[in-house]
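> Below, each chain spelled out in residue letters.
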Amino acid sequence: MNETADISKLTRKDFESDQNVRWCPGCGDYMVLAQVQHLLPSLGIARENFVFISGIGCSSRFPYYMNTYGMHSIHGRAPAIASGLKLARPELSVWVVTGDGDALAIGGNHFIHAMRRNVDLKIILLNNRIYGLTKGQYSPTSELGKKTKSTPMGSIDRPFNPIALALGAGATFVARTVDNDVEHIRKVLARAAAHRGTAFVEVLQNCMVFNDGAYEAVTDKANRQDARLILEHGKPLVFGRQRDRGIRLRGFEPQVVQLVQGRATEADLLVHDEQGANRALACLLSEFELPEFPVPIGIFRAVTEPTYEQRNAELRELACASKGRGDLSGLLNSGDTWTIESSESRNATWR
Amino acid sequence: MALMINDNCVNCAVCEPECPNAAISAGGSLYVIEPGKCTECVGYFTESQCMDVCPVECIVPNPQRVETKEQLKRKFEQLLSS
Chain G
1 MNETADISKL TRKDFESDQN VRWCPGCGDY MVLAQVQHLL PSLGIARENF
51 VFISGIGCSS RFPYYMNTYG MHSIHGRAPA IASGLKLARP ELSVWVVTGD
101 GDALAIGGNH FIHAMRRNVD LKIILLNNRI YGLTKGQYSP TSELGKKTKS
151 TPMGSIDRPF NPIALALGAG ATFVARTVDN DVEHIRKVLA RAAAHRGTAF
201 VEVLQNCMVF NDGAYEAVTD KANRQDARLI LEHGKPLVFG RQRDRGIRLR
251 GFEPQVVQLV QGRATEADLL VHDEQGANRA LACLLSEFEL PEFPVPIGIF
301 RAVTEPTYEQ RNAELRELAC ASKGRGDLSG LLNSGDTWTI ESSESRNATW
351 R
Chain Y
1 MALMINDNCV NCAVCEPECP NAAISAGGSL YVIEPGKCTE CVGYFTESQC
51 MDVCPVECIV PNPQRVETKE QLKRKFEQLL SS
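Those protein sequence lines, which keep their order, are chains G and Y. The letter at position 91 of the first sequence is residue 91 when you use this note's numbering, and the numbering goes up by one with no holes. The letter at position 3 of the second sequence is residue 3 when you use this note's numbering, and the numbering goes up by one with no holes.
By construction, these hints were calculated from the structure, which means they are not laboratory data. C-beta atoms are modelled at their ideal positions from N, C-alpha and C, and glycine is treated no differently. Please note that a few of the clues may not be correct.
To be verified - Derived contacts from chain G toward chain Y, CB cut-off under 10 Å, selection only:
(1) P25
(2) A34
(3) L92
(4) V182
(5) K221
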């Protein structure tokens, strides 16, 4: 890692570390790792300017397998550490890899604040709806009624919807992909990498050991086209093996309609707009669940807003312009004591 | 025909223990199938086990090794006797 490689000659191999990958055979994590390693050489960024930061969980082993800088950090705190890094070193490409437990249970707080601040981070959430590393307890995305080791009679917790949560927290880029669709995951990761601001990508992922078939309906080769709604900007919401069904809006209520001559045509359908003036359409789509609606896959929302580090730089310039450059060394060595002035003397000074 | 693993392989290793012919191994960069040992599971199963478990559908027929079911059956018998 100390050698600077020629950016134009980087390949997937250059981003593979010398560590043996220790995930269970067949885990969706391998897919995300392979596709990230496939994407990075195309971004025109020097290898030493990538940083992968994780918290705790199976997903959080990710930085070990990347031949980049990285930090396997504190449970749920990867967005906080990544935010700090990006503010201190805005030239770096900072990625967070997390899971449904790490991001949405212990790290729920940090997750929403990363979303609202719009720090230029890429946050990939590997959502397998189970705690895999601790061997199969329910997670914040486990379905209501899910039987696990810690919910033997079924979960009574209503699950988080990560897409809705990110949108609600004000994220500027929100996307969902699946762990067995190479082309789709590549497209979504490339878009996330190009976004300026917090880019949130949820990967629907299988856990072969503790939650096998977590998203079978949307990943099963034979039936997935009926269960998925591929979101494409500017195109009507059409789905199904025969592309014969679509989504129509009646008042505020979405409806699945058959595209049958004389009943409904593509012109009647909702058209996807990832850059809408408000989040209404993205929020509406985020609510779609089987069996009533197909599961939306793709980019829900992608809008441009100033990033946190841009605003921070402006703030710094403003502060320097009005008060001059600070002197950290001087401040640190200014002594161990200070005086609290009396209110009279303070008032006198202010006058 | 024998099967092969294409570039979409993500090295997840799930196929390796499924092969009844022990034809799959970790190659230099991706997992590989030794064509001489692959019978598409003819002789053992009706479905190719590796294709069935591969989460990214990267295992496909090898166009360089076109073989009929009968040839695969004979390959299976030869592998058994060797």
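> Hint by hint, note whether the structure agrees.
Structure-based check of all given hints:
no.	hint	result
1	P25	holds, 4 Å
2	A34	holds, 4 Å
3	L92	violated, 26 Å
4	V182	holds, 5 Å
5	K221	holds, 7 Å
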